[in-house]
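Undergrad: For reference, the chains in residue letters:
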Amino acid sequence: MSKNVLKVENATMQFGGVVAVDNLNLEINEGEIVALIGPNGAGKTTAFNVVTGVYQPTNGAVWFNGEKIIENHPQGKMKKLYKGQHDGEYTGVLAPTPDKITKLGMARTFQNIRLWKSQTVFNNVLIAKHCRTTSNVFSATFRMNRKEEAAQRAHVEELLKIVGLYDVKDELATSLPYGKQRRLEIARALAAEPQLLLLDEPAAGMNPQETDELTAFIGEIRDKFNLTVFLIEHHMNLVMGISDRIYVLDFGKLIAEGTPAEIQNNQRVIDAYLGVADDA
Amino acid sequence: MTMTKKKTIFTAAVLAVLLAVCIVVDMLLPSYHIAVVVIKKATVYSLVAVSMNLLNGFTGLFSLGQAGFMLLGAYAYAVLTIPVDKRAGVYQYFNGGALKFSVPEIFAGFLGDRVGTTVGMLLALLVGGILAALMAYLIGLPVLRLKSDYLAIATLGFAEILRAFFQWNALGPITNGSNLLKSYPAFSHATPYVVLAGLMIAVILLLINSTYGRAFKAIRDDEVAAEAMGINLAHHKRMAFIISSFFAGIGGGMLAMYMGAIAAAPFKSALTYEILLIVVIGGIGSITGSILASFLYIFFSEWLLRGLDAGKFLGINAPAIFKNGFRMVVLSVIIMVIVLFFRKGIMGDKELPDLLDRRPKQRKKEAAGK
Numbered sequence: 001m002s003k004n005v006l007k008v009e010n011a012t013m014q015f016g017g018v019v020a021v022d023n024l025n026l027e028i029n030e031g032e033i034v035a036l037i038g039p040n041g042a043g044k045t046t047a048f049n050v051v052t053g054v055y056q057p058t059n060g061a062v063w064f065n066g067e068k069i070i071e072n073h074p075q076g077k078m079k080k081l082y083k084g085q086h087d088g089e090y091t092g093v094l095a096p097t098p099d100k101i102t103k104l105g106m107a108r109t110f111q112n113i114r115l116w117k118s119q120t121v122f123n124n125v126l127i128a129k130h131c132r133t134t135s136n137v138f139s140a141t142f143r144m145n146r147k148e149e150a151a152q153r154a155h156v157e158e159l160l161k162i163v164g165l166y167d168v169k170d171e172l173a174t175s176l177p178y179g180k181q182r183r184l185e186i187a188r189a190l191a192a193e194p195q196l197l198l199l200d201e202p203a204a205g206m207n208p209q210e211t212d213e214l215t216a217f218i219g220e221i222r223d224k225f226n227l228t229v230f231l232i233e234h235h236m237n238l239v240m241g242i243s244d245r246i247y248v249l250d251f252g253k254l255i256a257e258g259t260p261a262e263i264q265n266n267q268r269v270i271d272a273y274l275g276v277a278d279d280a
Numbered sequence: 001m002t003m004t005k006k007k008t009i010f011t012a013a014v015l016a017v018l019l020a021v022c023i024v025v026d027m028l029l030p031s032y033h034i035a036v037v038v039i040k041k042a043t044v045y046s047l048v049a050v051s052m053n054l055l056n057g058f059t060g061l062f063s064l065g066q067a068g069f070m071l072l073g074a075y076a077y078a079v080l081t082i083p084v085d086k087r088a089g090v091y092q093y094f095n096g097g098a099l100k101f102s103v104p105e106i107f108a109g110f111l112g113d114r115v116g117t118t119v120g121m122l123l124a125l126l127v128g129g130i131l132a133a134l135m136a137y138l139i140g141l142p143v144l145r146l147k148s149d150y151l152a153i154a155t156l157g158f159a160e161i162l163r164a165f166f167q168w169n170a171l172g173p174i175t176n177g178s179n180l181l182k183s184y185p186a187f188s189h190a191t192p193y194v195v196l197a198g199l200m201i202a203v204i205l206l207l208i209n210s211t212y213g214r215a216f217k218a219i220r221d222d223e224v225a226a227e228a229m230g231i232n233l234a235h236h237k238r239m240a241f242i243i244s245s246f247f248a249g250i251g252g253g254m255l256a257m258y259m260g261a262i263a264a265a266p267f268k269s270a271l272t273y274e275i276l277l278i279v280v281i282g283g284i285g286s287i288t289g290s291i292l293a294s295f296l297y298i299f300f301s302e303w304l305l306r307g308l309d310a311g312k313f314l315g316i317n318a319p320a321i322f323k324n325g326f327r328m329v330v331l332s333v334i335i336m337v338i339v340l341f342f343r344k345g346i347m348g349d350k351e352l353p354d355l356l357d358r359r360p361k362q363r364k365k366e367a368a369g370k
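In order, the protein sequences belong to chains R and G. Just so we're aligned, residue 1 is where the first sequence starts under my numbering, counting upward by one. Just so we're aligned, residue 1 is where the second sequence starts under my numbering, counting upward by one.
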């Protein structure tokens with residue numbers, strides 16, 4: 001049994017009266033590629049935001065490498081409003097900001113690309129290395145960190161070569177075509193030296209050929225960097241082709257989990273999301 | 001590689017020429033000459049504008065507290081450097097004030113008159129900067145949680161409160177209430193101002209091009225992405241705020257030096273707006289722009305358009321139209337024209353070495369030629 005990297009435990013995210021994620025439980029083991037799928041508005045991105053610290057869950061906990069990193073329980077107004085389960089089971093509050101979670105070894109990409117627009121491709125990746133820098137503001141200003149800076153730059157160049165963006169490294173990030181911007185987002189996330197990579201719809205807006213390339217690419221970087229990958233995606237070719245396991249969300253609730261083959265034949269998933277081909 | 005070399009040589013050459021011009025001006029002209037005055041004031045404004053640009057242009061925090069931090073620096077400088085035997089005269093309503101020492105005189109005691117006084121003056125400037133930085137830390141705790149316009153209003157309010165506080169009579173033994181602080185030592189030539197401000201700006205430039213500066217720019221471009229990539233927003237925003245205020249404090253001290261006598265009154269929000277105007281005209285996110293705009297602004301307002309107030313301009317004698325204040329009317333029109341035609345400021349987000357870059361049009365032509 002391989003090591004458990006991420007464990008989401010009874011996580012509920014409620015906005016006012018709306019339960020966006022309802023009692024989510026999932027586990028991701030080391031080296032796995034796990035997909036989270038579901039119809040639009042099912043709460044997939046919200047689940048990502050809970051895991052990465054953008055939102056504080058209303059109730060529940062998140063474990064990373066066997067350590068509890070996020071925990072919350074209904075407080076204040078939410079006490080009365082809370083509609084989820086496991087009320088009263090959690091008492092502690094752990095609410096790290098996203099940057100702290102990234103430093104622990106989780107890095108993500110965004111559904112709608114969020115690159116630093118005024119910066120070059122190279123700098124976009126280099127800035128992500130900032131969280132690994134050991135120099136303080138004085139030593140950095142007065143260039144006493146030359147060695148570290150050089151090492152970081154070398155690493156960024158290597159990364160850019162791996163993702164195939166080395167020849168455009170001095171272009172502005174926003175001048176890249178769409179598919180390359182997506183790749184750049186992944187390169188940027190990799191620069192933060194994550195153990196777990198979270199990809200939010202990495203193939204959104206890509207054509208079938210680009211999607212196939214991306215599928216191969218994700219497998220490649222998983223092996224190269226010993227990553228565990230957790231991704232949200234609508235392209236079923238990609239999801240079914242690459243995932244070890246799949247979780248399916250609908251209206252915030254987990255309705256199924258299993259291997260791609262199991263999911264494809266699960267009646268609830270077919271009804272809620274996958275649908276039936278016309279000629280069947 | 002050759003391009004970077006070219007750029008370095010170009011920048012160094014421009015800076016050397018500017019410094020040489022300044023030294024020559026100092027040697028040829030008396031220190032009360034308008035050219036020297038303009039250089040001094042513009043240098044001080046450059047430093048403050050660059051410090052504001054660090055915060056507003058590079059970190060994306062729209063703060064309007066610059067006048068407050070300058071006030072702290074100016075007062076720290078003046079209070080610490082007034083010679084002991086002149087304190088009775090300056091603090092005539094407060095029994096000679098609470099402080100019975102003067103930093104430059106202490107240093108003059110064991111370093112000799114010339115060196116000691118200079119060291120003491122620089123130290124007083126530094127104290128002003130540190131005070132401003134400390135205040136920024138305290139103010140930053142509540143204020144930096146605010147975003148955009150709200151941050152601007154909060155910092156503007158802070159600066160106004162600080163000004164009122166310094167005019168308070170109960171603080172008179174130190175701040176001299178709303179009376180002038182004067183008779184403190186100051187550099188009379190322009191070169192020390194240029195060298196001092198140049199060094200400070202160089203430090204800011206080094207910071208901006210370091211890993212922390214890049215993190216600041218990431219926060220400006222996209223806060224959410226910056227935080228997701230491991231940049232601690234609260235920490236970095238506070239850092240930018242403190243560093244910017246530190247240099248604004250030093251700039252304030254230098255402004256006190258330039259003015260020769262200070263009170264809290266000129267450190268109104270109008271001063272902040274003046275600096276903001278310079279930053280916007282120069283280009284938000286361009287150090288070169290801020291410096292260039294400071295010199296242009298001061299040159300126009302202090303020298304070129306002076307005649308408009310005095311009744312004479314470019315040989316036209318029209319005291320009926322060119323009255324006191326007409327200078328500001330013309331200056332406003334010029335500024336409006338600049339803002340209309342250079343939306344991104346004179347420099348945009350370019351720096352001095354970037355001027356050597358080929359223009360996009362040329363580059364396109366070359367690409368087509370291939």
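Please keep in mind that the hints were generated in silico from the structure rather than gathered at the bench. Check each hint, because a few of them may be wrong.
[To be verified] Calculated cross-link-like contacts (lysine-lysine; reagent style DSSO-like; alpha-carbon spacing at most 27 Å):
id : chain 1 : residue 1 : chain 2 : residue 2
1  : R       : K79       : R       : K224
2  : R       : K147      : G       : K312
3  : G       : K312      : R       : K169
4  : R       : K103      : R       : K169
5  : R       : K169      : G       : K100
6  : R       : K7        : R       : K117
7  : R       : K169      : G       : K6
8  : G       : K323      : R       : K169
9  : R       : K79       : R       : K68
10 : R       : K117      : G       : K312
11 : G       : K100      : R       : K117
12 : G       : K147      : R       : K147
13 : R       : K147      : R       : K80
14 : R       : K169      : G       : K7
15 : R       : K77       : G       : K5
16 : R       : K100      : G       : K350
17 : R       : K103      : R       : K3
18 : R       : K180      : R       : K103
19 : R       : K147      : R       : K83
20 : G       : K323      : G       : K312
21 : G       : K86       : R       : K117
22 : R       : K161      : G       : K344
23 : R       : K80       : R       : K253
24 : R       : K79       : R       : K3
25 : R       : K117      : G       : K344
26 : R       : K147      : G       : K344
27 : R       : K180      : R       : K147
28 : R       : K161      : R       : K7
29 : G       : K100      : G       : K182
30 : R       : K161      : R       : K147
31 : G       : K182      : R       : K103
32 : G       : K6        : R       : K180
33 : R       : K100      : R       : K80
Quick caveat, the model's predicted, so the values are computed rather than measured.
Undergrad: The structure should be examined with respect to each hint, and the outcome stated for every one.
TA: Evaluation of the provided hints:
For the suggested pair K79 of chain R and K224 of chain R, the alpha carbons sit about 46 Å apart, so the restraint of at most 27 Å is broken. Restraint check: the Cα-Cα separation between K147 of chain R and K312 of chain G comes to about 61 Å, which exceeds 27 Å; the hinted pair is violated. Of the supplied pair hints, the one linking K312 of chain G and K169 of chain R is violated, its CA atoms being roughly 57 Å apart against a limit of 27 Å. For the given pair, K103 of chain R sits about 25 Å from K169 of chain R by alpha-carbon distance, which is consistent with the 27 Å threshold.
As the CA atoms of K169 of chain R and K100 of chain G are separated by approximately 61 Å, the hinted pair breaks the 27 Å bound. Between K7 of chain R and K117 of chain R the CA atoms are separated by roughly 34 Å; this puts the pair beyond 27 Å, and the hint is violated. A C-alpha spacing of about 21 Å is found between K169 of chain R and K6 of chain G, which places the hinted pair at or below 27 Å, so the restraint holds. At roughly 57 Å between alpha-carbon atoms, K323 of chain G and K169 of chain R are farther apart than 27 Å, so this suggested pair is violated.
The straight-line distance between the Cα atoms of K79 of chain R and K68 of chain R is roughly 23 Å, inside the 27 Å bound, and the hint therefore holds. In summary, the hint linking K117 of chain R to K312 of chain G is not supported, as the alpha carbons are separated by about 50 Å, beyond the 27 Å threshold. Taken as a hint, the K100 of chain G and K117 of chain R pair is broken in the structure, with Cα atoms around 55 Å apart against an allowance of 27 Å. The straight-line distance between the Cα atoms of K147 of chain G and K147 of chain R is roughly 36 Å, outside the 27 Å bound, and the hint therefore fails.
Among the hinted pairs, K147 of chain R with K80 of chain R is inconsistent with the structure: their alpha-carbon atoms are about 55 Å apart, more than 27 Å. Between K169 of chain R and K7 of chain G the CA atoms are separated by roughly 20 Å; this keeps the pair inside 27 Å, and the hint holds. Annotation: proposed proximity of K77 of chain R to K5 of chain G is violated, straight-line Cα distance about 62 Å (limit 27 Å). Distance restraint check for K100 of chain R and K350 of chain G: the Cα-Cα separation of roughly 34 Å exceeds the 27 Å cut-off, and the hinted pair is therefore not satisfied.
Among the hinted pairs, K103 of chain R with K3 of chain R is consistent with the structure: their alpha-carbon atoms are about 20 Å apart, no more than 27 Å. Proposed proximity of K180 of chain R and K103 of chain R is supported: the alpha carbons are some 25 Å apart, at most 27 Å. Pair hint K147 of chain R plus K83 of chain R does not hold up; C-alpha atoms about 54 Å apart against a cutoff of 27 Å. The straight-line distance between the Cα atoms of K323 of chain G and K312 of chain G is roughly 9 Å, inside the 27 Å bound, and the hint therefore holds.
Note on K86 of chain G and K117 of chain R: the hinted pairing is violated, with a Cα-Cα distance of about 56 Å set against a maximum of 27 Å. Of the pairs offered as hints, the one joining K161 of chain R and K344 of chain G is violated, with about 35 Å between alpha carbons and a cut-off of 27 Å exceeded. As the CA atoms of K80 of chain R and K253 of chain R are separated by approximately 21 Å, the hinted pair is consistent with the 27 Å bound. The straight-line distance between the Cα atoms of K79 of chain R and K3 of chain R is roughly 35 Å, outside the 27 Å bound, and the hint therefore fails.
For the suggested pair K117 of chain R and K344 of chain G, the alpha carbons sit about 16 Å apart, so the restraint of at most 27 Å is met. Under the criterion of a C-alpha separation no larger than 27 Å, the hint pairing K147 of chain R with K344 of chain G is inconsistent with the structure, at around 37 Å. Of the supplied pair hints, the one linking K180 of chain R and K147 of chain R is violated, its CA atoms being roughly 30 Å apart against a limit of 27 Å. At most 27 Å may separate the alpha-carbon atoms for a hinted pair to count; K161 of chain R and K7 of chain R exceed this at roughly 33 Å.
Distance hint between K100 of chain G and K182 of chain G is fulfilled; the C-alpha atoms sit about 16 Å from each other, no more than 27 Å. Annotation: proposed proximity of K161 of chain R to K147 of chain R holds, straight-line Cα distance about 21 Å (limit 27 Å). A C-alpha spacing of about 53 Å is found between K182 of chain G and K103 of chain R, which places the hinted pair above 27 Å, so the restraint is violated. Pair hint K6 of chain G plus K180 of chain R does not hold up; C-alpha atoms about 32 Å apart against a cutoff of 27 Å.
For the hint pairing K100 of chain R with K80 of chain R, the CA-to-CA distance comes to about 31 Å; that exceeds 27 Å, so the pair is violated.
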